[in-house]
Amino acid sequence: MSNTTLLSIAFLFSGLWALAQPPHEGESPSKEMLEKMKAHKIAYITEKLSLTPDEAQVFWPVYNEKEDNLHQLREANHPSKKQDFDSMSDSEIEDAVNKRFEMRQAELDIEKQYHEKFKAVLPIKKVAKLYKAEHNFKRDLLKKLRERQNGGGSPNGRHH
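Going by the numbering used here, the residue at position 151 of the sequence shown is 151; the numbering climbs one at a time, nothing skipped.
Hints listed in this document are in silico derivations from the structure and should not be mistaken for laboratory results.
Cross-link-like lysine to aspartate or glutamate pairs, in silico, EDC-like; alpha carbons within 16 Å at most:
id, residue 1, residue 2
1, Lys129, Glu116
2, Lys38, Glu134
3, Lys41, Glu67
4, Lys38, Asp140
5, Lys129, Glu111
6, Lys126, Glu47
7, Lys112, Glu65
8, Lys126, Asp54
9, Lys126, Glu116
10, Lys125, Glu55
Pairwise CB distance ranges, derived in the manner of DEER restraints:
id, residue 1, residue 2, range
11, Arg104, Pro53, 32 to 40 Å
12, Lys117, Ala96, 28 to 36 Å
13, Ala56, Lys36, 14 to 22 Å
14, Asp90, Val58, 43 to 51 Å
Just so we're clear, the structure is a prediction, and the values are computed from it rather than from any experiment. No residue lacks a Cβ here, since even glycine has one placed at the ideal position from N, Cα and C.
When you get a sec, could you build the whole thing from the sequences and use the hints?
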């Protein structure tokens, strides 16, 4: 691995560590924090896919469009308050569960739609690496968050 690659990875994970600090109870992450996380995600995915400048130029607009569509879907379907199932009727609970299934299906439909778009701008091997990179980015970020919340150590001593 080159020094540049190692430096990129070190920078990415040091940045993820800083970003993994949770906001205060009931507080949303700041716009600045979200922008930094997005920048780290871009660096991470670009590195993992070994995107050429030409590939990056056509890939990122498609990827960002997919992310925007997923964000809009989630915002439109986000409950305005936490659901207290104990105070809901069975019919209301059934409706809430069905809405969740519908949202997950809509997310899957968007993912499938953009899978075709990704294949149009990247080789299939890089498309497959994209899905793995997205998964690993989320896993690593959540791991850093858990470590931060637990004072720097894994709660059960295991590493994933």
